[in-house]
Amino acid sequence: MNQFKVLTNGIWKENPIFVIVLGMCPTLAVSTAVENAIGMGIAASFVLIMSNIIISMIRGFVPNKIRIPCFIVVIASFVVLVELVLKAYFMPLYQALGIFIPLIVVNCIILGRAEAFASKNGVMASFLDGVGMGLGFTLALVIMATIREILGLNKFFGLLVFPKEFPAAAIMILPPGGFLVVGILMGLYVWNKNRLRLKQLNAEKMKC
Amino acid sequence: MLASLFGIFIASIFVNNFVFSRFLGICPYVGVSKKLDSAIGMGMAVIFVMTMASAITWGVQQVLVKYGIGYYQTIVFILVIAAFVQLVEMFFQKTIPALYQALGIYLPLITTNCAVLGVAVLNITDKRNFIESIVQGFSSGVGFTLALVIMAGIRERLEFADIPKSLRGMPIAFIIAGLMAIAFLGFAGMKLPR
Numbered sequence: 001m002n003q004f005k006v007l008t009n010g011i012w013k014e015n016p017i018f019v020i021v022l023g024m025c026p027t028l029a030v031s032t033a034v035e036n037a038i039g040m041g042i043a044a045s046f047v048l049i050m051s052n053i054i055i056s057m058i059r060g061f062v063p064n065k066i067r068i069p070c071f072i073v074v075i076a077s078f079v080v081l082v083e084l085v086l087k088a089y090f091m092p093l094y095q096a097l098g099i100f101i102p103l104i105v106v107n108c109i110i111l112g113r114a115e116a117f118a119s120k121n122g123v124m125a126s127f128l129d130g131v132g133m134g135l136g137f138t139l140a141l142v143i144m145a146t147i148r149e150i151l152g153l154n155k156f157f158g159l160l161v162f163p164k165e166f167p168a169a170a171i172m173i174l175p176p177g178g179f180l181v182v183g184i185l186m187g188l189y190v191w192n193k194n195r196l197r198l199k200q201l202n203a204e205k206m207k208c
Numbered sequence: 209m210l211a212s213l214f215g216i217f218i219a220s221i222f223v224n225n226f227v228f229s230r231f232l233g234i235c236p237y238v239g240v241s242k243k244l245d246s247a248i249g250m251g252m253a254v255i256f257v258m259t260m261a262s263a264i265t266w267g268v269q270q271v272l273v274k275y276g277i278g279y280y281q282t283i284v285f286i287l288v289i290a291a292f293v294q295l296v297e298m299f300f301q302k303t304i305p306a307l308y309q310a311l312g313i314y315l316p317l318i319t320t321n322c323a324v325l326g327v328a329v330l331n332i333t334d335k336r337n338f339i340e341s342i343v344q345g346f347s348s349g350v351g352f353t354l355a356l357v358i359m360a361g362i363r364e365r366l367e368f369a370d371i372p373k374s375l376r377g378m379p380i381a382f383i384i385a386g387l388m389a390i391a392f393l394g395f396a397g398m399k400l401p402r
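Chains P and X supply the protein sequences, listed in that same order.
1 is the number of the first residue of the first sequence in the working numbering; add one for each residue after it.
209 is the number of the first residue of the second sequence in the working numbering; add one for each residue after it.
Mixed in with the good hints, there may be bad ones.
Label-pair distances were calculated between CB atoms; the ranges are [claimed, not checked]:
id, chain 1, residue 1, chain 2, residue 2, range
1, P, Gln95, X, Ser212, 21 to 29 Å
2, P, Ala169, X, Met398, 20 to 28 Å
3, X, Pro305, P, Pro167, 54 to 62 Å
4, X, Leu244, P, Ala116, 28 to 36 Å
5, P, Phe166, X, Lys274, 49 to 57 Å
Source of the hints: derived by calculation from the structure; they are not laboratory data.
Keep in mind it's a predicted model, so treat the numbers as computed, not measured.
C-beta atoms are modelled at their ideal positions from N, C-alpha and C, and glycine is treated no differently.
Pulled out of the complex, with its shape left as it was, chain P reads as follows (with noise of 0.2 Å):
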């Protein structure tokens, strides 16, 4: 039961986008196609969950002063990893995220919780920490890449949604786009969390 919650924490409750607010950068950069969100969603999950398992798996014989640059080789070993594969089989991708792979080293998300979570708990607790986070990572990036793709192209994974005559709004896959979605993507979330928390209140008033 814990453990399914450690798994679903990342997921939706404290979805690393909408938040705990890390990793911005590549979010509003990839999210202009669903192909292109669902390949930085795989490549970043990757690294997080192998970083969790390793940094997890040293944590005890770490020295505390240098953990952060231990972490940071292990998180650029693993990116470097990504980077060769995506490289070697997977060109088209990898010209699409372009600066954002290396880039992953950096990512917020995958320092935040070595440190906040791989070095202070076991090795299946950090698995399943990256696993959840990375799919609440992946879950984030396809929400708005659809809507992103939708109304900016017309597009759905590269097929039409609406007639050809529908006009797209090309200012959804330009760089503002990425930031009006995400903020209103994330005012809806505190929205639905307040109102969720409304009802439980008065669900409990009733009862007294």
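With chain P fixed as given, assemble chain X onto it according to the hints.
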């Protein structure tokens, strides 16, 4: 030569602004833009580190290429930047305590600012030479600071505004950034010497 440097300078500040068009350094951008003073402090620290990091990583890249180990770029760059930031922090603490007081708390945050690693990687992918790299690093830092300071000014005013409850804090900051990005989109049509 001078014209192309000027082109890089203007392009990195306005046309390819790090925050509004390249999406680099968003975390410190929304994190440190609540107060004008701290925004200026952070901006100065970023300009300094980005300029120096551009120069250092350019040299490091030449060494990596010479020995044919270009694929180590990511690991080496992040380590060099982290070590450099640590060194600057210690150097300032010993020699210029006043500057350390002003920049001190922002320096460690810069290691994980993707704008610094971003400009280092961009200098390589854009095939900049040594002087161009330094200019690009410096002007990208200026562009980041400009965006940060404008945002901080707006957010200080926002304290007194009547915002819908769900949008308070982060969400409204992103929506403002979106509106500012629309304004910066206006620079995209500028023709600059390459």
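Assessment of proposed distance window 49 to 57 Å (beta carbons of P:Phe166, X:Lys274): holds, 54 Å
Quick one: are X:Leu244 and P:Ala116 within 28 to 36 Å, going by C-beta? holds, 30 Å
I want to verify a distance hint. Is the separation of the beta carbons of P:Gln95 and X:Ser212 within 21 to 29 Å? Distance hint for P:Gln95, X:Ser212 holds at roughly 26 Å.
Tell me if the beta carbons of P:Ala169 and X:Met398 are separated by a distance inside 20 to 28 Å. For P:Ala169 and X:Met398 the Cβ distance comes to about 24 Å; the hint holds.
Kindly confirm whether 54 to 62 Å is satisfied by the beta carbon distance between X:Pro305 and P:Pro167. With a Cβ separation near 60 Å, X:Pro305 and P:Pro167 satisfy 54 to 62 Å, so the hint holds.
Checked against the numbered hints above, the structure breaks none of them.
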